[in-house]
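Protein chains in written order, with the working numbering: chain A, 5 to 184; chain B, 77 to 704.
One or more hints might be untrue.
What the hints assert, rightly or not - With a Cα cut of at most 25 Å, we get these calculated DSS-like pairs of lysine-lysine:
(1) B/LYS580 to B/LYS501
(2) A/LYS137 to B/LYS606
(3) A/LYS137 to B/LYS107
(4) A/LYS32 to B/LYS219
Unchecked claim - Derived Cβ-Cβ restraints for the label pairs, each shown as a range:
(5) B/ARG576 to A/GLY58: 34 to 44 Å
(6) A/LYS10 to B/ILE525: 48 to 58 Å
(7) B/LEU471 to A/ILE20: 15 to 25 Å
(8) A/ILE20 to B/GLU459: 47 to 57 Å
(9) B/LEU471 to A/ILE15: 51 to 61 Å
(10) B/LYS115 to A/ILE15: 22 to 32 Å
(11) B/PHE552 to A/SER17: 39 to 49 Å
(12) A/ILE20 to B/VAL579: 46 to 56 Å
FYI, nobody ran anything at the bench for these hints, they're computed from the structure.
Keep in mind it's a predicted model, so treat the numbers as computed, not measured.
From the three backbone atoms N, C-alpha and C, an ideal C-beta is built for every residue, glycine too.
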Amino acid sequence: MQFLEKIKKSIFSLIILILLIISFFVFKFALQKEKIYSPKMSENQIFTDFEVVGLIEEKQINFNEVLTGKNFYLINIWSSWCEPCKDESEYLLELKKNTPVMMIGINYKDNKKNALNFLKLYGNPFDQIFIDKQGTISINFGAYGVPETFLINEENKVLKKYIGPLNDEDVYEIKKITNN
Amino acid sequence: MIISQLGYYSLIFGLLTSIFIFFNSSIQLKKNNLVISDKTTGLIGFQFFFVFISFISLIYSFIISDFSNETVYNNSHTTKPLFYKITGTWGNHEGSLLLWLLVLTGVLLGFIFKSRNEPNNYRLLTTLFHQIIVIGFFIFVLKTSNPFNEIFPVQTEGLGLNPILQDPALGIHPPILYLGYVGTSIIFSAALASMISNYVNKSWAKNIKFWILFSWIFLTGGILLGSIWAYYELGWGGFWFWDPVENVSLMPWLSLTALLHCIVTLEKRELFKKWTIVLCIITFALSMVGTFLVRSGILNSVHTFANDPSRGIYILTFLLVLVLLSFVIFIIYENKNFTQKSEIFTLSKETAVLINNWFILYFLSVVLIGTIYPIFLDVILDEQISVGPPFYNKLILPFLIPFVLFMSIGPSMKWIKTNFKFGAKSFFVIVFTMVLSFFTVYFIGEKNIFILLLFIGFFYLLLKSLDQLREKTKNFAQIFSHTGFSLLLISILLNSFSSREIVKNIQVGESFTLKNEKIIFKKIAIEKEKNYESIVGFFEILDDKNTIINLQPEIRIYNEPEMATSEASIKTTLFKDRFITINIIKDQNFFNVRYQHKPFMIWIWISTLIIMLGGMFAIFRKNKEVNI
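Extracted from the complex, chain A is given alone in its bound form (with noise of 0.2 Å):
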């Protein structure tokens, strides 16, 4: 073949050959995984020294009270426009019957009449849900969007974090760390 032997006698294309697929492969690895992280766990103490407002009473309270008198806490971000949240509640549901996890709900950018209109429909998994109609507390936590999940201990680590609706995977995962 008269391509190979050119590509024998120059090293140059052969690097870029060499180059191509391995940029190939990692690409698709990449597709692949992406949602799940675990972040260093030194490094990831969530900020929580802000005032939330309850959906249910709107009461004013310190974040740090809320996370108080359990070993983990579960925060998820949801909303009552965001579709992959509707799949999500069940998973959540199941979280709450067997864990012993606090779950605390962030209510991004909604309006109370649809959160507890979707509380009521697909159930609430929550022991607590907090307000956040401007997104700023998911920006603290450093939340790309809705939903997303964080499994934090009693020292406000952040244990594991989930972009995107939970899965079957990842409440195994939960289970297993919180049961333990």
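With chain A held as given, fit chain B onto it using these hints.
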């Protein structure tokens, strides 16, 4: 509903036509026909027509809010204004790919018309290669992103278009950007064809130059509109964030700019043949990479949640096939057909173009690495980093100084050999540049030698470009785009160093000051619009001459989908933009107000328009000596 069906079948017919064209042109190639048959031209016309029908059907479905169509249901709403119903057609994955296809088939049709005097086998080969891309995209659209999927039961209301996309600049941004982005495909096909048909010469350069300029102008326009949108809509007062999505449009722009300079050298001097072909391939590959990165959801971005990995894998594989194909063709034909003159350079325009290319290629690699390095790191080492403006500033800014210096002297060089005369005039320009730069730096209060050097470089480029106006044979294309470029750099630099900002929490009736201006919060009002409700803040600005400027920033609460956006209120003057945004703080009677001075903002837009104007001069100036 029927219209949706029409669109779908029209797409299938389009695909069939493409396959037919592919075989038809390969048969004609074998026969070695001297003229391209009318049948082929007709078929290419039909192919475009089918995609056009399909595109119109989708627009129509959006206009009548046909919620039996899944794409319409997901992205539209009956209460949306007509303009946003139409622009919503390409404001989503499926519709935007249909637009891709429309432009892709459109440029081929344009190419066939514009290349009537070219050799037949070159035209046929271009058609052949282009059909590979077209067929690939047809299958992609039909298989993974069909815009005409039906949903049952038929919904009565749609989910709405993301309010952040409901903006006039963003409405026309995708079509303009795509004309530039997808326009590079014909450059790619033609480059491969010219290589095989042994046609990499002056007349080829003349022929393909139109398409390079075409893509370059539209790509510049597309990037401009995107920046304008970011400035007015995102409400941060910035216009370029080195966001990966922005970078992927900048990369083909950079390589197109390099290509633009090369193709003229090829046209005049038959030099850089191989390099020009490589740039043609790189340019298209980069726009495919961009499409892949944006459309696959591989970049963690708010808009790419419900992503489907199969789409990404498809584009990626297709991209690899195209790149490998061009690679193989390049390797085989590399030395066969490229007889060139020896490339020995003295002080000449060729050297200037070569240096220009080195620099642009360097900038391109910086942007490329900054964009894909985080992805590689994530896959290989499982580490997350984000590459931000400091990275780009550190690596690009210092190299801009020599770059603009070469850019200043390059145009006054001659082909083959230049004898530089350093006369009183050159001395005067340098002195004037120095004085101007010192004055500017002093005025903005930056005591930094590096910034002074940047200003010296940029002003020198500006003066040298304007100086060209005095020459006998004026090249407006070059004068305009180089002047525009220097103005752009100057305005960006001034903008970033003398922007001022203040953030305050204040109640109605209170006021605060920024420099010599007093900002008074007059009142608040609530207004109802068709698809949103808005809270409008009325502000009065008293400047140092006591003139009153009124600003009314808004917070819009859209109903479908429910979402709040902050609409900045901007007062533009020739030298300064006044930019104000407000935010509500829950359960408080005060507002978070952010007031900014953004100097020379309008010059950033104007200078980009001047750059584009330069490109247009180059297109419309025919059969004349065109220099760079």
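Now for the hints, and whether the structure bears them out:
With a C-alpha separation of about 52 Å, the suggested pair B/LYS580 and B/LYS501 falls outside the 25 Å cut-off, and the hint is violated. At most 25 Å may separate the alpha-carbon atoms for a hinted pair to count; A/LYS137 and B/LYS606 meet this at roughly 22 Å. Simply put, A/LYS137 and B/LYS107 have alpha-carbon atoms about 69 Å apart, too far for the 25 Å limit, and the pair is violated. Taking the CA atoms of A/LYS32 and B/LYS219, the gap is near 19 Å; set against the 25 Å cutoff, the hint holds.
With their beta carbons about 39 Å apart, B/ARG576 and A/GLY58 fall inside the hinted range of 34 to 44 Å. Checking the proposed 48 to 58 Å range against A/LYS10 and B/ILE525 shows it holds: the Cβ atoms sit about 51 Å from each other. Between B/LEU471 and A/ILE20 the C-beta distance comes to about 23 Å, which sits within the given range of 15 to 25 Å. For the pair A/ILE20 and B/GLU459, the beta carbons lie near 26 Å from each other, so the given range of 47 to 57 Å is not met.
Remark: the range hint 51 to 61 Å for B/LEU471 to A/ILE15 is contradicted by a beta-carbon distance near 28 Å. Distance hint for B/LYS115 and A/ILE15: a CB-CB separation of about 46 Å, inconsistent with the stated range 22 to 32 Å. Taking the beta carbon of each, B/PHE552 and A/SER17 are about 41 Å apart, inside 39 to 49 Å as hinted. In this structure the supplied range 46 to 56 Å holds for A/ILE20 paired with B/VAL579, their Cβ-Cβ distance being about 50 Å.
Hint compliance for this structure: hints 1, 3, 8, 9, 10 are broken, all remaining hints hold.
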